[in-house]
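Trainee: Generate the whole structure from the sequences, applying the supplied hints.
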Amino acid sequence: AQRVTQPEKLLSVFKGAPVELKCNYSYSGSPELFWYVQYSRQRLQLLLRHISRESIKGFTADLNKGETSFHLKKPFAQEEDSAMYYCALSSYNTDKLIFGTGTRLQVFP
Amino acid sequence: DTGVSQNPRHKITKRGQNVTFRCDPISEHNRLYWYRQTLGQGPEFLTYFQNEAQLEKSRLLSDRFSAERPKGSFSTLEIQRTEQGDSAMYLCASSLDLTGTQYFGPGTRLLVL
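Protein chains in written order, with the working numbering: chain A, 119 to 227; chain B, 7 to 119.
No lab work stands behind these hints, which were simulated from the structure alone. Quick caveat, the model's predicted, so the values are computed rather than measured. Glycine included, C-beta positions come from ideal geometry on N, C-alpha and C. Take these hints with a grain of salt, some might be off.
[Stated by the list, open to error] If the Cβ cut is set under 8 Å, some of the chain B residues that face chain A in the computed set are: (1) G46; (2) E62; (3) A94; (4) L97; (5) F110.
[Claimed, not checked] With a straight-line cut-off of 35 Å between C-alpha atoms, the simulated DSBU-like cross-links for lysine-lysine are: (6) K127(A) to K17(B); (7) K191(A) to K214(A); (8) K127(A) to K77(B); (9) K175(A) to K133(A); (10) K183(A) to K77(B); (11) K183(A) to K140(A); (12) K175(A) to K127(A); (13) K133(A) to K191(A); (14) K20(B) to K77(B); (15) K63(B) to K20(B); (16) K191(A) to K127(A); (17) K127(A) to K140(A); (18) K214(A) to K127(A); (19) K191(A) to K77(B); (20) K17(B) to K214(A); (21) K183(A) to K20(B); (22) K140(A) to K63(B); (23) K183(A) to K127(A); (24) K175(A) to K140(A); (25) K140(A) to K214(A); (26) K214(A) to K183(A); (27) K214(A) to K20(B); (28) K17(B) to K63(B); (29) K77(B) to K63(B); (30) K77(B) to K17(B); (31) K133(A) to K20(B).
Mentor: Structure representation (structure tokens):
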């Protein structure tokens, strides 16, 4: 079955500390992986997707097919990074996104 | 056109009543999706359209739920005989094509009393 697991509901760090939000997936084929973010009082928006291999707002994520993981990392957290982060996958032949339960990141000053 | 819009933003209804939500996608996007999100969970896929054709429905979409996109533009999601378990945030998203980025609307929060 297709599934996305985000083991941490809450991650709290101080400003300037490194951040790693964990995401593991199960999928039999070749999925596409995404990170979506929802800032307070804003809509869900795409942060990054693995095929674009971009760094957005200092965040990166590497797809590790051996470990079936797509962890989100940032070397130095900022207060404005505080938000809800969702990992999601889709397959190449279907559009639907399968989301994890999300991790709330709190960055303290 | 500044993005996906949804109306109403909030809906409170009594159990057993019917409700209808509307989603207006980004104008050139031909794919439109509906998701449902309950407290503490990520969004769950309900259904999606390519133009006016409904191409996939989740088993979450019981026979009380119906979605339409009659002219390939806006879409409506109707819930008949609402139940308390239908209380959730209903999200709409649109994309330009297959593998395109899905852009989400602000959602409609439904509370069934």
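Trainee: The structure should be examined with respect to each hint, and the outcome stated for every one.
Mentor: Right, here's what the structure says about each hint:
1. With a cut of 8 Å, the hint placing G46(B) at the interface with chain A holds, because the nearest CB-to-CB distance is about 7 Å.
2. Given the 8 Å rule on beta carbons, the hint for E62(B) holds: about 7 Å separates it from the nearest Cβ of chain A.
3. For A94(B), the interface hint is violated, since its Cβ never comes within 8 Å of a Cβ in chain A; the closest pair sits about 14 Å apart.
4. With a least beta-carbon distance of about 7 Å to chain A, the hint placing L97(B) at the interface is held under the 8 Å criterion.
5. The restraint placing F110(B) at the interface with chain A holds, with a minimum CB-CB distance near 4 Å, inside the 8 Å limit.
6. Restraint check: the Cα-Cα separation between K127(A) and K17(B) comes to about 28 Å, which is no more than 35 Å; the hinted pair holds.
7. Only pairs whose Cα atoms come within 35 Å are accepted, and K191(A) paired with K214(A) is accepted, the gap being roughly 25 Å.
8. The suggested pairing of K127(A) with K77(B) is violated, with an alpha-carbon distance near 41 Å, which exceeds 35 Å.
9. Between the alpha carbons of K175(A) and K133(A) the distance comes to roughly 15 Å, so the proposed pair stays at or under 35 Å and holds.
10. Only pairs whose Cα atoms come within 35 Å are accepted, and K183(A) paired with K77(B) is rejected, the gap being roughly 41 Å.
11. Among the hinted pairs, K183(A) with K140(A) is consistent with the structure: their alpha-carbon atoms are about 14 Å apart, no more than 35 Å.
12. A threshold of 35 Å between alpha carbons decides the hint, and for K175(A) with K127(A) the separation of about 22 Å falls inside it, so the pair holds.
13. For the hint pairing K133(A) with K191(A), the CA-to-CA distance comes to about 14 Å; that is within 35 Å, so the pair holds.
14. Restraint check for K20(B) and K77(B): the C-alpha separation of about 31 Å stays at or below 35 Å, so the hint holds.
15. Our distance criterion of 35 Å between C-alpha atoms is met by K63(B) and K20(B), whose separation comes to about 26 Å.
16. For the hint pairing K191(A) with K127(A), the CA-to-CA distance comes to about 16 Å; that is within 35 Å, so the pair holds.
17. Between K127(A) and K140(A), the direct Cα distance comes to roughly 10 Å. Compliance with the 35 Å bound is thereby established for this hinted pair.
18. Pair hint K214(A) plus K127(A) holds up; C-alpha atoms about 23 Å apart against a cutoff of 35 Å.
19. Pair hint K191(A) plus K77(B) does not hold up; C-alpha atoms about 42 Å apart against a cutoff of 35 Å.
20. About 26 Å separates the Cα atoms of K17(B) and K214(A), which keeps this hinted pair within 35 Å; it holds.
21. With a CA separation close to 47 Å, the supplied pair K183(A) and K20(B) exceeds the 35 Å bound.
22. With a C-alpha separation of about 29 Å, the suggested pair K140(A) and K63(B) falls inside the 35 Å cut-off, and the hint holds.
23. Annotation: proposed proximity of K183(A) to K127(A) holds, straight-line Cα distance about 23 Å (limit 35 Å).
24. Restraint check for K175(A) and K140(A): satisfied, since their Cα atoms lie roughly 18 Å apart, inside the 35 Å limit.
25. Of the supplied pair hints, the one linking K140(A) and K214(A) holds, its CA atoms being roughly 21 Å apart against a limit of 35 Å.
26. Between the alpha carbons of K214(A) and K183(A) the distance comes to roughly 20 Å, so the proposed pair stays at or under 35 Å and holds.
27. Annotation: proposed proximity of K214(A) to K20(B) holds, straight-line Cα distance about 31 Å (limit 35 Å).
28. Proximity of K17(B) to K63(B) is assessed by CA-CA distance (about 23 Å); at most 35 Å being required, the pair is judged to hold.
29. At roughly 19 Å between alpha-carbon atoms, K77(B) and K63(B) fall within 35 Å of each other, so this suggested pair holds.
30. A distance of roughly 25 Å separates the Cα atoms of K77(B) and K17(B); the hinted pair therefore holds under the 35 Å criterion.
31. The suggested pairing of K133(A) with K20(B) is violated, with an alpha-carbon distance near 45 Å, which exceeds 35 Å.
Against the hints set out earlier in the document, violations occur for numbers 3, 8, 10, 19, 21, 31.
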